[in-house]
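Given two chains presented individually in distinct reference frames, assemble the corresponding complex, making use of the accompanying hints.
Spelled out, the chains give:
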Amino acid sequence: MLESIWFVLWGVLWAIYFMLDGFDLGIGTLMPFLAKDETDKRVVYHAMGPYWNGNEVWLITAGGVTFAAFPATYAVMFSGLYSALMLILFALILRGVANEFRHQVENPRWKSIWDACLFIGSLAPALLLGVAFANIFQGIPIDEAGVFQGNLFSLLNPYGLLGGIFFTLLFTVHGAVWLAVKTEGELHDRSAALAGKLWIALAVVAVAFLVCTWFYTRLYDNYLQNPFLFMVPIVLIPFIAVGALVMLRIYMARGHWWKTWFASCTLIVGVTLFGVAGLYPNLLPSSINPAYSMTIFNSASSPLTLKIMLGVALIFVPIIIIYQSWVYHFFKDKVKTSELAQEEGY
Amino acid sequence: MDVLMLSRLQFAAATMFHFLFVPLTLGLSILIALMETAYVRTGDEEYKRMARFWGKIFLINFAIGVVTGITLEFQFGTNWSRYSTYVGDIFGSLLAIEATLAFFLESTFIAVWAFGWNRLSPKAHAVSIWLVAIASNLSAWWILIANSWMQHPVGFTIRNGRAELTDFLAVITQPFAMHTIVHTLSAAYILSGFFVMSICAYHLLKKQHTTFFAKSFRMGLALALIFSIVEVVQGHMHGAEVAKVQPTKLAAMESLWETTQRAPQYLFLIPDEKNEKNLVEFGGMPGALSMLAYHSPNATVKGLKDFPKEERPPVTLSFVSFRIMIALGFLFLFLTIYGWFRRNKLEESPGFLKIMLYAVPLPYLAAEAGWTLAEVGRQPWVVYGIMKTSDAVSPIATSQVFVSLLAFIGVYSLLGAVAFYLIISHARKGPQPEAVAA
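As they're listed, the protein sequences go chains F and R. Counted the way my numbering counts, the first sequence spans residues 645 to 990. Counted the way my numbering counts, the second sequence spans residues 583 to 1020.
Extracted from the complex, chain R is given alone in its bound form (with noise of 0.2 Å):
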């Protein structure tokens, strides 16, 4: 393997390993701050129980997302120092932007949170864990913007060699990067409520500690509910905007090989990535990709064969992650849905909770597939349209690379296990008696 196949690898472990942890900081950090803000209201010590324990396990988790994120940072520079140079101007500022907007105020305050139960009265107390919540969101609103630019460049021009800023506006304010804001935050509360509920079904079904997990869920299943619902409905208005500015990750998400009109979507399809063909299709409804794509069903999809074949993505990947993040988009609302109508009578219904116990992996997995889409579907652009990834790898010895790949591997895998485990005993052994807590 070269530099480039290895920096790849490396970039997508790490980054796929950062996200394991960060949509969990994201969310919980907002229910932790609600129930901080009820113990304020109501002065009801479960609340602040509930904070307690939940914001035990959010400190591991946010331990491991802040000390993976580091490193993602300077990779830019160590394995993609030519895209570094070509887009600095740009997506430098933006990562730096984050740093100081939010990375700082998100780390100060954790601490002061962490370290202030006994010293903070429970108002600043509270405070200080919605400045961790807000931070931390802010900081992902930045990296999504940066994001967003790879995938859709704008506001800039090519000059000196490389590019270079001209309207920083349009680079913070472009609708595909409002719409990867809203996809990736909605992702990860719909994940943070399946990891509270399924703790607290595990509690529940042992019917231990009830009132407290019954709340707890409650509030993971509000939260989950909500966005499930935002994003079924603007998934398909993302889809639609990666239609109009990504025609080749839609092609490859559809696995749509000829130019059509009138496009159907398939119920069912393999694709034959070496023929260019589907080996199945299935169950096609014409019209029905022009219309999610176009909001029209005469009009034309683009097919791959369009494209110069080094243009066109990887199909399968591209596709088969595309379905799985989609099937499991509409199964978190289904579950969210049903969840509601039971969720004053939760002791009863041990086949859901046992269900919403299990489901936690799911959540996780539509994320990785969404990125996976989001970042396959691109190539073989790193900047869609404008710079190759092979143009973007730094010119470094193979030997270098191969080396901190295995140490990220080795690295990564030890504290995934670490966490895992930490997560799960604390989770496990529930909340502290009431006696200790107050």
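This is chain F alone, in the form it adopts within the complex (with noise of 0.2 Å):
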């Protein structure tokens, strides 16, 4: 029972992160193509200054509680993704000090080898997190004793791409209307008009990840093979994920921007959640034999471990999400360019 509260915090714990850390992720692979001129530049770091670092804590919580609560999955997770995760880490430390130095030096070759830091950076955890998610679901090569037996290019198989392709619209979109929602005049119409346009890829591309996850996963097994198991709002998660796909079109049509990234949010955790409850009770399943999966059961920690985080989780979550919460209030007004000039930020 507490492996399971625990792989249900698990999951819910990367939805947020995705959630979070997906738009100024977005922002940061969009920001080339959105911004002409270096106005549009500062206002596009603006629009996530104040959420990004906070925004990024959840992957270390993400990965402090795969690793306090399932240390060994954790342990083949890390050391079998290696490279990819390298990667990923190597670019998160692009993307930080880009946001911190872009804006130290007066000098525009100085910021523009910022701003592809921040490109590079905010497109290459994008694309490696989707790929090291789609590998997951899909069973990555590992053997009896937890070593993997593949590498970095073993990862980009057409599953795995097709996930990092899906990620990497995900959080493109959720960048965009995000955009939209922080901005005003020209910077806010070519985002809603590229919110509109990368909609219709995700559209396409998020129906190619559900019919070839049926292929190349099992995903789906438990919601078809276990229905008594998983009670109704599991169930129900794919069908959200849909929902919310449709209703981001909706909100997007009306110019709702506001509703219209909430959607986007609900379609972020839905996906993810919709992955991660296919796994249950796997974390990590092995492609070479399924006795040799990481599950809740095989990797979990003590039950008093189990018990103390969950003491922990269930009273600092809350209050995190509530000053974070006041956080993204307290910053909601549109970025204006009058006050560019005053030298806040980093």
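In case anyone wonders, no lab produced these hints; they're calculated from the structure. Just to be clear, a hint being listed does not mean it is correct.
Unchecked claim - As a list, the in silico SDA-like pairs of lysine to any residue whose alpha-carbon atoms are at most 25 Å apart:
1. Lys978(F) - Trp699(R)
2. Lys705(R) - Val971(F)
3. Lys980(F) - Ala706(R)
4. Lys951(F) - Gly737(R)
5. Lys755(F) - Ile991(R)
6. Lys1011(R) - Ile757(F)
7. Lys951(F) - Leu751(R)
8. Lys841(F) - Glu830(F)
9. Lys705(R) - Gly693(F)
10. Lys1011(R) - Glu750(F)
11. Lys951(F) - Glu746(R)
12. Lys859(R) - Val958(R)
13. Lys755(F) - Gly992(R)
14. Lys755(F) - Tyr994(R)
15. Lys826(R) - Tyr876(R)
16. Lys1011(R) - His747(F)
17. Lys951(F) - Leu720(R)
18. Lys951(F) - Asn742(R)
19. Lys755(F) - Trp699(R)
20. Lys976(F) - Trp699(R)
21. Lys826(R) - Thr748(R)
22. Lys755(F) - Ile1006(R)
23. Lys976(F) - Val709(R)
24. Lys976(F) - Leu641(R)
25. Lys755(F) - Gly1012(R)
26. Lys755(F) - Arg1010(R)
27. Lys978(F) - Ala706(R)
28. Lys755(F) - Val1000(R)
29. Lys755(F) - Ser995(R)
30. Lys951(F) - Arg664(R)
31. Lys976(F) - Leu713(R)
32. Lys980(F) - Asn700(R)
33. Lys951(F) - Ile740(R)
34. Lys755(F) - Val993(R)
35. Lys755(F) - Ile639(R)
36. Lys1011(R) - Ser756(F)
37. Lys705(R) - Ile963(F)
Listed below in structure tokens is the structure:
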């Protein structure tokens, strides 16, 4: 029971991470295409400035919770996906310092270097997280000792790559919508238009991903074989995800950008939980032999640790959600070009 | 080189680089919080200008500390997967608690602070930097508890082929952890004080913004002085704790080969690790080591030869880093005490200011030496007495680690160079003129 509770929390933490950091990864990826001049770029940086750092901590927490609740999975997951994870980490470093360093020196070349770092540092994690999670959904080649028998290139299989493209589209739509929320004038119009175009690609890839998931993974088994095990809300997850994808389009067409963004949040959470629920009780299915899979039962921490951690999570995660929501609320207004001169920010 | 050696080098590079930035975050955040508090209390604009000036430098330093910290958490999984599996039940939960309790708070409110200068009331703005200061120190607290558990594992049992938690309270309240926390935080505050004093000295020597920098100097001085005293007194107690729980580290850092009653302390000593003796021993004070370690001049101190060869840490490195740390610790105490008497005549003390200007690398060196002693002195164990470092490493390809190590060295060197350049140029520029800041 404790293991299952932690499985749910594990999935929820990843979902929150993708939902939050997703939009700033998307913004970073889109900036070269949306920002026409220096003012636009500064607006784009400001649109994510107060949030990206706090968003990224959800990744640390998702990683930390994997370590705390399922240490053996943490060990196999990150040593197995060594190169992919290192690439993600270096990308996140570049992105983090780009946000901080860019405005320190008034020199166009200096700024363009950091803009390039932001782009690479945003696109690479979006793509690689998608590749990584698609591979987890599909199963990775781990042997009975938990040793990964593949390499970075074996992760770049068709389904893995499709997952990468899917995540990148999810995040870029999410980011474009956020820019539409946070900006005004031409930048807003361009973001809105791009969000519309990307949505079409996203819808196509989402359908392709759902279909391929049928052929490449065993995720649906959980939905089909164990309908009783899964309570109604879990069966609803795929429908909520599809519904959110549709609502995203409808709100977008009506120009309700905050609602569009919430629909996009729901979509990302829905997609993540759809995959995670399909994994249960696996955390890392083995593609060599299902018996070698890392499950919540063979990799969980001791009951005492799980209990203590549950206490910590139940007290502090709501507190974090409250103060982070306050921050989102506090900086909710559109970024005005007039405030760029006030020298606020990192 | 094999995966083990490469992974050790990578972890050493990553942690040592990370710790070039962490201490300043811990101390400078408190100084800035004090400046903003003074601004709220007195309404004196100069305090606000101080907070803004030091705040800019703080943010550059903070950013590197954060991004280099993220990679560390994942390296336990990437490079030390057997360690993670074996002790994750305890160690992993401490890291997760750190993220939930502290890192979130720090990362969220640093942005509120940075973007909130014109949106928040001065009071609310001061509160946000206090939250950052408290959270970053709390974060250090949890990480040091985790490290202390590796130094002195308590509150666990070996079950199901791994270490399992049995007593959480014992883990988070053990004396070794409390010593490590006081010791490391004090070092961080000394470093922050010296950092501030160095930049102030630069401007005071140039006779520019003198009241601004004399004020900042005194704040840095007070912080460094208080914690230099704490460090020297507590460092002694910390050493005694090491003697109690890590006898091999004590023997290595003192380069004591034979078990000795009334063990002496030498003024000067050169270890000869190969031949298991000391090449030169000079100025021995009989019983001094016994006194320091066990509070009795007649106590017996165990020598390295009484431990199996494969359980001894590298002696020369432990010994040298220990001496560097100790010597510098006393130097900081003397410099800050002297500074205290000159605090109101700084401009008439160019010699002292010059020393303080150039002294800034020393606390960094002391901090790195301290960590070298703590970590190298613990070898060959990754968890003292429980798990060897060689058993902790991941079953991964050498080439992977080789490439990632090169990437770490490349990326971190660039980051370090850029941060150094930015911090120096901001520090040289000095505060904004009053009219703009107001």
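Hints violated by the structure (listed by number, smallest first): Going through the list in order, the structure violates no hint and respects every one.
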